[in-house]
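J.: Those sequence lines, one after another, are chains A and B.
So for the first sequence, the working numbering puts the first residue at 1; every next one is plus one.
So for the second sequence, the working numbering puts the first residue at 92; every next one is plus one.
Be aware that a few hints might be false.
SDA-like mimics (lysine to any residue), calculated; alpha carbons at most 25 angstroms apart, straight line [as the list claims (entries may be wrong)]: (1) Lys59/A <-> Phe146/B; (2) Lys131/B <-> Leu79/A; (3) Lys59/A <-> Gly150/B; (4) Lys131/B <-> Leu13/A; (5) Lys59/A <-> Ile7/A; (6) Lys59/A <-> Glu95/B; (7) Lys59/A <-> Leu99/B; (8) Lys131/B <-> Leu99/B.
Hints were generated in silico from the structure; no laboratory data involved.
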Amino acid sequence: MSEFAQIVIQIALIIMVALLLPCAYRLFAGPSVADRLLAVDTITTLLIGIIVLLALVQKSEFVVDVALALAAFSFIATLAVARYLSEGRMF
Amino acid sequence: MVTEILGLIFIGLGVFFSSVGVIGLIRLPDVYSRSHASGKVAILGIFGLLAGSAFLFPGTTLKVIGLGVFLLIATPVASHAIAAAAYRSGVPLIQTKRDDLAARSIAGTASGEQQI
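Chain A extracted, bound-state conformation (with noise of 0.2 angstroms):
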């Protein structure tokens, strides 16, 4: 990779950054509890895409793994506040 596409990546990863902020906003001042799940869902997507970039910038491919795991956990986490939320129970 040239310099210029690290310096385009670098910037892309200060955007990604800056864009959990708003998320934060809409998880603290959401109306209801399913914006609040929405909002975590949504961090978590970004985060994923974070760690992508991440692994861009330091040229390590297993940064990638973290990316997976965390997409696993987050997809089981969504489920299960959803059905608490609509059921009242998890399982």
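Based on these hints, arrange chain B on the given structure of chain A.
T.: Just chain B, lined up with the frame of chain A:
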């Protein structure tokens, strides 16, 4: 060189769609329409970043394809579960023309009788 330019274009598209989705998450009026915006972040934004990563750094291509397939399966399921949970816990819809779930009354005990 061409793959680098393609990767940078894909990363730019991913950041653009992520920004659009987060703006929608802030500005849309309803939890159901916000769920739509959140799906845009997951599919278009993260897929752009994954494609850019596969072009720029070919060692990550297999892992990125696996992550993409998992996201393609998991994101609609999670989004649907959040929308169903919001409906069953009684979050009102805005600008409703018709509400098929209320007519079918599968909406559980909390909002089955409730008029939305």
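J.: What are the numbers of the hints the structure violates, in ascending order?
T.: Violated: none.
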